Amino acid sequence: MWKDFKAFLMRGNVIDLATAVVIGAAFGKIVTALVDNIIMPCIGMLTSGVDFANMKYVLKEGTLNAETLEMEGEVAIGYGVLINAIIQFIIIAFVIFIVIRLMNKAKDKLAKKQEEEKKEEETPADIALLTEIRDLLKNSDKAEEVAEKLADAK
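Start counting at 1 in the sequence shown, then tack on 151, and there's your number in my numbering.
Hints are computed from structural coordinates only; laboratory data are not their basis. Check each hint, because a few of them may be wrong.
[Said to hold, decoys possible] Distance condition first, Cα-Cα at most 20 Å in a straight line; then the derived DMTMM-like pairs of lysine to aspartate or glutamate: (1) Lys-264 with Asp-277; (2) Lys-270 with Glu-283; (3) Lys-300 with Glu-272; (4) Lys-207 with Glu-218; (5) Lys-289 with Asp-277; (6) Lys-258 with Asp-277; (7) Lys-300 with Glu-266; (8) Lys-207 with Glu-223; (9) Lys-157 with Asp-167; (10) Lys-258 with Asp-167; (11) Lys-256 with Glu-273; (12) Lys-263 with Asp-277; (13) Lys-263 with Glu-273; (14) Lys-207 with Asp-187; (15) Lys-258 with Glu-268; (16) Lys-289 with Glu-273.
Only a predicted model underlies this, so the values are computations on that prediction, with no experimental measurement involved.
Kindly generate the complete structure, drawing on both the sequences and the hints.
Quick look at the structure:
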């Protein structure tokens, strides 16, 4: 059982998936930093200094703690954080879309090239003969040449 589990872990798909998760987590941190520190301040500047991270709808007012100068007991819906998360999601989804699109184009191009090579390699003798006859008929009106080719093929 241990050997099977080890073989499962060492298969390419599991290693690739683990690598993708680690890189995805690191990429997520980069996107979060980009959104929080570059994009949202620019949007805030365009909207008269609004900080989206602090935007909220207060359901119940809190009280101000005199010692810590912080609000306590406030109940609020923080929709600004949701806006940040949506922007992060859109950026990540767009980058993943571009990467997958490029990979699919490369894969299709490779498959098409392999298919063309396979077609060139696998031309049977009778098909080659028929192709040659067709080409001769296109290039000349001489039926005698075609008849000679057919006789030679037998």
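Structure-based check of each hint:
1. Lys-264 with Asp-277: 24 Å, violated
2. Lys-270 with Glu-283: 16 Å, holds
3. Lys-300 with Glu-272: 23 Å, violated
4. Lys-207 with Glu-218: Since the Cα atoms of Lys-207 and Glu-218 sit roughly 24 Å apart, the hinted pair is violated (cutoff 20 Å).
5. Lys-289 with Asp-277: 18 Å, holds
6. Lys-258 with Asp-277: Between Lys-258 and Asp-277 the Cα gap is close to 33 Å, so the pair fails against 20 Å, i.e. violated.
7. Lys-300 with Glu-266: Status violated; Cα separation ~30 Å.
8. Lys-207 with Glu-223: 15 Å, holds
9. Lys-157 with Asp-167: Answer holds: Lys-157 to Asp-167 is near 15 Å, not above 20 Å.
10. Lys-258 with Asp-167: 18 Å, holds
11. Lys-256 with Glu-273: This hinted pair is violated, its Cα atoms lying about 26 Å apart.
12. Lys-263 with Asp-277: This hinted pair is violated, its Cα atoms lying about 25 Å apart.
13. Lys-263 with Glu-273: 15 Å, holds
14. Lys-207 with Asp-187: Measuring from Cα to Cα gives roughly 17 Å; hence the hint holds.
15. Lys-258 with Glu-268: 15 Å, holds
16. Lys-289 with Glu-273: 24 Å, violated
Figure legend: structure checked against the earlier numbered hints; hints not met, in rising order: 1, 3, 4, 6, 7, 11, 12 and 16.
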